[in-house]
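Engineer: Listed here are the chains, written in short residue letters.
Protein chains: 2
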Amino acid sequence: MTAKINRQWLLKQRPIGLTKESDFELAETDIPELQSGEFLVKNIYLSLDPTNRGWMNPVETYVPPVKIGGVMRGIGIGVVIKSKNPRFKEGIMVTGLLGWQDYFISDGSGWMNILPSFPGVPLPNFLNLFGMIGLTAYFGLLDIGKPKEDDTLVVSAAAGAVGSLVGQIGKIKGCRVIGIAGTNDKCDWLTQELGFDAAINYKTESVFNRLKELAPDGIDIYFANVGGKILDAALGNLNLHSRVVICGLISQYNATERIAGPYNFANILVKRATVSGFIVTDYFKRMDEAFKDLHLWYTSKKLIYREEIVKGLENAPKSLNKLFDGSNKGKLIVKISEEPEI
Amino acid sequence: MTAKINRQWLLKQRPIGLTKESDFELAETDIPELQSGEFLVKNIYLSLDPTNRGWMNPVETYVPPVKIGGVMRGIGIGVVIKSKNPRFKEGIMVTGLLGWQDYFISDGSGWMNILPSFPGVPLPNFLNLFGMIGLTAYFGLLDIGKPKEDDTLVVSAAAGAVGSLVGQIGKIKGCRVIGIAGTNDKCDWLTQELGFDAAINYKTESVFNRLKELAPDGIDIYFANVGGKILDAALGNLNLHSRVVICGLISQYNATERIAGPYNFANILVKRATVSGFIVTDYFKRMDEAFKDLHLWYTSKKLIYREEIVKGLENAPKSLNKLFDGSNKGKLIVKISEEPEI
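Those protein sequences? They're chains A and B, same order as listed. First residue of the first sequence? That's 56 in my numbering, and the numbers climb one at a time after it. First residue of the second sequence? That's 56 in my numbering, and the numbers climb one at a time after it.
Among the hints, a few may not be true.
Identical chains blur together in the list; that is why a pair holds if it fits in one copy or across any two.
[What the hints assert, rightly or not] Cut-off 20 angstroms, straight-line C-alpha distance, at most; resulting in silico cross-link-like pairs (SDA-like, lysine to any residue): (1) LYS201 / HIS296; (2) LYS284 / ILE314; (3) LYS97 / ILE86; (4) LYS284 / GLU312; (5) LYS59 / VAL135; (6) LYS267 / GLU115; (7) LYS340 / LEU295; (8) LYS203 / LYS228; (9) LYS340 / HIS296; (10) LYS122 / VAL325; (11) LYS201 / ASP272; (12) LYS59 / ALA82; (13) LYS284 / TYR318; (14) LYS267 / TYR117; (15) LYS122 / ARG69; (16) LYS284 / ALA315.
Because the hints were derived from the structure by calculation, they are not lab data.
Put together the whole structure using the sequences plus the hints.
Structural biologist: Have a look at this one:
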């Protein structure tokens, strides 16, 4: 193999508020020789997710913070191009925490999986429906939300990668589904193409009042992708014995000050609701179960999804904020290199 | 029967902040003739509970607000002294929503139960261990908190009627138990007499810091009787997959302004915690199950409890605030009339 240069986005400083490109530094390093048990992955696609922002803060969350000077953490898809590991042979497609870089050396430990073999599924979809996004929607809704026929399900960031799947899976399970999104276009997409029963534009409507109108008997399941006022409006409209899935609190990830919790917190008591935090990594051991259902729904065309693919590793930092200003159109993915011919 | 006068505490106006005696009016009314199916209860003991304060606010919670001009709602014990109802015969002891008054006419509907037959149990204890207090502690901890051996259980208002039972049941179930209370005397009572492993005086210590010291691996079960800063401190010290039982938010019941939720709300997500509202009325149908265990623990002297009995219905309004300034010593009960000779 000829010597290759590995471009790496390093975290230069902890961002304050939204990330700036100057919070990162694009370094170029040589790729070291492989040790026994190691293999070299050429990264193809990089997933940009709201949770990435949390990883940059100087607080231990469900994972340690990215180190200053370290390669920015990210989930990706790549192909093994050189291997001293019998399980991960050359030519195998993998997914895991490949990082914001061209190449990744792994010994197979940590979060590193061989891609499931679903013929005909486009590669980026393994960062979407058949990746963390699909697993998050599937287990968050079914395991924590526990939908029953005729339940009223409300989803925030409903036009986002996770939210749009949650709503569609809710429809498959017989729920009445209301989505909350930030533009009329997104709301139209939800109701006209994805089969949501209703949608609320949180930028032009009062979420609290609209929920009261659309769900007069209260919300049975609230799938929270954002925190702040939208979460508060939902908590204020819960039904008895409702379930609230806290999957994300996007609106708070860039906060520069401590954020008060929801004013309607006491309604958890009054309505005997259950509010559960949910992180998909706890469910990795059950991924086959989810992928089986998701693949069935995918092949029977019950799941519609969108992707926005940005070309070039160099564009990763500046693209991340699309997730927070809502300008991305579907699952946001960076294309780092061409797909290999199969 | 000679004509009797029924003294009734009516709610004159909705209190702002702590209740004042002038929010109530002591009226005297005649007792009407019983209709078919009705029976007359002579009230003996009246339970004063933090939840009473919530019932006076102009908001529907888990029950409708007490009407202005209506008899103040309260749980009591009484004896049937006249009956046109075949199930509730004269001489039978009952418990239910008897109200802040000398007499109550019931047709047996709503919350009205015949006292369980536990020989040797003092009557006030049917408003404590063998009443709503015991059921709340039992189901709140066991059904929602789901204690496992060696779990770290933290209880707020730990020297209160519910909290002190929760901690002791936690010890029976093999938990490490930390109580939070408002005086050193109460803290000493918890650790020296009730067998709590530790206690925190929230008036003189930083609850957040002390929880971090006493529970370095985090709290597995938090039993919340109060809201505000104490709840926030607990949420900031949760362990992975912890359970938070929201049984009460005492510190917020007298609030005159909207209260922000806990700043550490996001920790519910990070720790994949489950926060569940709990109201004991949902468990009435399973009360026999609880009373069986509670009676066993009571007769084997595994449960210690205290009561403070105030004499005279006329003292009900002024006694209620003891629950909020923490000056009561155990379950607060008003004695309305003498116990009947058996």
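Engineer: All the hints need checking, so say for each whether the structure fits it.
Structural biologist: Against the structure, the hints come out as follows:
1. LYS201 / HIS296: Both: 11 angstroms inside a chain and 18 angstroms across chains, each within 20 angstroms.
2. LYS284 / ILE314: Both: 11 angstroms inside a copy, 14 angstroms across copies.
3. LYS97 / ILE86: Answer is within; shortest intra-copy Cα gap is 11 angstroms, inter-copy 88 angstroms.
4. LYS284 / GLU312: Classified as both; 16 angstroms inside a copy, 18 angstroms across copies.
5. LYS59 / VAL135: Within. Shortest intra-copy distance 15 angstroms satisfies the 20 angstroms Cα cut-off; inter-copy 92 angstroms does not.
6. LYS267 / GLU115: Answer is between; shortest inter-copy Cα gap is 15 angstroms, intra-copy 37 angstroms.
7. LYS340 / LEU295: between (32 angstroms within a copy, 18 angstroms between copies)
8. LYS203 / LYS228: Cα proximity of LYS203 and LYS228: one copy only (7 angstroms, versus 34 angstroms across).
9. LYS340 / HIS296: Between. Shortest inter-copy distance 17 angstroms satisfies the 20 angstroms Cα cut-off; intra-copy 29 angstroms does not.
10. LYS122 / VAL325: between (43 angstroms within a copy, 19 angstroms between copies)
11. LYS201 / ASP272: Classified as within; 18 angstroms inside a copy, 30 angstroms across copies.
12. LYS59 / ALA82: Classified as within: same-chain Cα gap 13 angstroms, cross-chain 92 angstroms, threshold 20 angstroms.
13. LYS284 / TYR318: The answer is both: 9 angstroms in one copy and 14 angstroms across copies each meet 20 angstroms.
14. LYS267 / TYR117: between (34 angstroms within a copy, 18 angstroms between copies)
15. LYS122 / ARG69: Within one copy only: 9 angstroms inside, 56 angstroms across.
16. LYS284 / ALA315: Classified as both: same-chain Cα gap 11 angstroms, cross-chain 11 angstroms, threshold 20 angstroms.
The earlier numbered hints are all upheld by this structure, with none contradicted.
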